[in-house]
Amino acid sequence: MNSQIDVAEGAAATRPTEIEFSGIEKRFETAEGTVHALQDINLSFARGEFIVLLGPSGCGKTTLLRIAAGLLRPSNGRVLIGGRDLWQNDQRDNKAVQELGVVFQEANLMPWYNIEQNIALPLKLRGASKQDRLQRAHELCKLVGISGFERRWPRELSGGMRQRAAIARALSYDPEILLMDEPFGALDAMTRDQMNIEIQRIWMQSERTVLFVTHSISEAVFLADRIILLSPRPGRVHSITDVSFERPRDMRLQTTLEFQSIVRDLREELEEMG
Amino acid sequence: MKFVRRNAVWIANPLILAVFFLIWHYYIVIFDVSKFILPSPVAVFGGLWELLTDPGTFRHASITVYEALAGFAIASVTGILTGAVLGKVPWLERTLNTYIVAAQVVPKIALIPLFILWFGFGPESKIVIAAVLAFFPIFTNTLFGIKSVDLGHRDVMTSLNASRTQTFWTLEFPSSLPAILTGMEVGIVLATIGAVVGEYLGGNVGLGHLAVATLNAYEVDSLFAVIALLTFLGFVMYLAVIGARRVIVPWHESVMVEKRPPAA
Ligand SMILES: Nc1ncnc2c1ncn2[C@@H]1O[C@H](COP(=O)(O)OP(=O)(O)OP(=O)(O)O)[C@@H](O)[C@H]1O
Ligand SMILES: [Mg+2]
Numbered sequence: 001m002n003s004q005i006d007v008a009e010g011a012a013a014t015r016p017t018e019i020e021f022s023g024i025e026k027r028f029e030t031a032e033g034t035v036h037a038l039q040d041i042n043l044s045f046a047r048g049e050f051i052v053l054l055g056p057s058g059c060g061k062t063t064l065l066r067i068a069a070g071l072l073r074p075s076n077g078r079v080l081i082g083g084r085d086l087w088q089n090d091q092r093d094n095k096a097v098q099e100l101g102v103v104f105q106e107a108n109l110m111p112w113y114n115i116e117q118n119i120a121l122p123l124k125l126r127g128a129s130k131q132d133r134l135q136r137a138h139e140l141c142k143l144v145g146i147s148g149f150e151r152r153w154p155r156e157l158s159g160g161m162r163q164r165a166a167i168a169r170a171l172s173y174d175p176e177i178l179l180m181d182e183p184f185g186a187l188d189a190m191t192r193d194q195m196n197i198e199i200q201r202i203w204m205q206s207e208r209t210v211l212f213v214t215h216s217i218s219e220a221v222f223l224a225d226r227i228i229l230l231s232p233r234p235g236r237v238h239s240i241t242d243v244s245f246e247r248p249r250d251m252r253l254q255t256t257l258e259f260q261s262i263v264r265d266l267r268e269e270l271e272e273m274g
Numbered sequence: 275m276k277f278v279r280r281n282a283v284w285i286a287n288p289l290i291l292a293v294f295f296l297i298w299h300y301y302i303v304i305f306d307v308s309k310f311i312l313p314s315p316v317a318v319f320g321g322l323w324e325l326l327t328d329p330g331t332f333r334h335a336s337i338t339v340y341e342a343l344a345g346f347a348i349a350s351v352t353g354i355l356t357g358a359v360l361g362k363v364p365w366l367e368r369t370l371n372t373y374i375v376a377a378q379v380v381p382k383i384a385l386i387p388l389f390i391l392w393f394g395f396g397p398e399s400k401i402v403i404a405a406v407l408a409f410f411p412i413f414t415n416t417l418f419g420i421k422s423v424d425l426g427h428r429d430v431m432t433s434l435n436a437s438r439t440q441t442f443w444t445l446e447f448p449s450s451l452p453a454i455l456t457g458m459e460v461g462i463v464l465a466t467i468g469a470v471v472g473e474y475l476g477g478n479v480g481l482g483h484l485a486v487a488t489l490n491a492y493e494v495d496s497l498f499a500v501i502a503l504l505t506f507l508g509f510v511m512y513l514a515v516i517g518a519r520r521v522i523v524p525w526h527e528s529v530m531v532e533k534r535p536p537a538a
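First to last, the sequence lines map onto chains A and B. Numbering of the first sequence is given in our numbering, commencing with residue 1 and proceeding in unit increments. Numbering of the second sequence is given in our numbering, commencing with residue 275 and proceeding in unit increments.
Source of the hints: derived by calculation from the structure; they are not laboratory data. Do not take every clue at face value.
[To be verified] Below are the DSBU-like pairs computed for lysine-lysine, each with C-alpha atoms no more than 30 Å apart in a straight line:
1) B:K362 with A:K130
2) A:K124 with A:K142
3) B:K362 with A:K95
4) B:K362 with B:K276
[Claimed, not checked] Just so you have them, the derived chain A footprint on chain B, three or more residues with Cβ under 8 Å:
5) 325–332
6) 424–437
C-beta: ideal position from N, C-alpha, C; glycine also.
Given these sequences and hints, build the entire structure.
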């Protein structure tokens, strides 16, 4: 395991840019008029960074993540994934999309597939052989800690286990970038802490870039290299906070004064927004 | 008490039937009902015995079953196909919607003489009738199933860059199967009704024809026997479709719930 990942700002700056938003704006046309969800978002994330999007409910976190995933088209502006324009001539760039793994708030496992079939689904769509798929699903179950449940139906698993399976599915094709929208939002505090440790471990084992949405301040501070704080109506970048605690971090970090002071500052900023 | 609860089905059903036959029997005895209006259960059992031991019965029954199953099969294939196509092509559904609703509202039973005129007195006309009746529930349920695919699942497929064909076979079709099966459960019942009503109105074979023939001969106890046999055959076909659910969608709530231990 590589425990020497350097997250100092200087090093991050020299790494190649993996995700770039420039001049992103998003408006939704609804029956009641236009909702201005995002305005003037300019951000760039280096390869291997763990980025957390934080902000009050309705500030556009999900919208921004869905734009990064290519599930929504921005009204204006460009998204670059590994230097490639995500949208070219009204078409989603398939090469760019292949580098993205998405984990949603709900596990969204297909109920008609068992756990290993769910995890291997992306590989099936890519035409991998059955043997390779099962082999990979087996490895991933071990990685995310649900070995022994390969042949179960999704509804036979707990919420936390289903979310682990969803993470395994997103990892199955080894994407460069993981996009996660409040993946642990529905879990109890203890399971959530445990999942945060695991996601850090999985991230440290590879060079992946992670974009992680949450509205829990302490989850953000625990996980992030950088926290992007969004303010609502329309969603804008309010501030960017660097978090440079050593890795791997463990839960004891949450009791330190430095941790708590970052949490306090962020909470004050959030409260000022109203 | 526990014994009773666990075996409720096996205790209650014979009891209900016994009470039913007793009331039937004594109703006839007390009110002195003519046997041409309502025969006694004993007479009906006699008629049933005669019917089942008559070698001709098997031919009538197998023709009716054949017509119902063939119609049901045609309805399943065409219903699922059209439902899937219209579910995938929204502009086509919007365009055809008026006609679909109109075709559904038409009382199709009233069209049966027309089908007999067009397709003759043989089994073909009954198969067509069975298929037409069974088509709509299968078609509408398929369409409904395809259109109610979970948006979260759709997002997964989009984020995985799945093609339309892949999305259909890995998401839309399996997700619609429970609804399709519900349509087929209604469909098999309607197909049986279609075949029997078709036989009432035209031709000289099948249990529907036998029912009319016994009525014309004032053999009311035999008529009741034919109805009992029809009910039994319809029941078996219906149960077969219901049973298919366990095999086809073992993952679905409708099957999973039964396997759970009962809540305390
Ligand atoms: N499809 C849509 N149509 C119309 N408005 C939308 C749509 N999706 C999002 N919005 C609006 O855009 C704004 C941002 O929504 P978004 O879901 O991105 O917020 P969020 O930060 O993820 O909130 P939460 O923390 O509650 O998940 C909200 O005002 C929402 O009402
Ligand atoms: Mg959200």
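Violated constraints from the hint list, given by number and in increasing order: 4, 5
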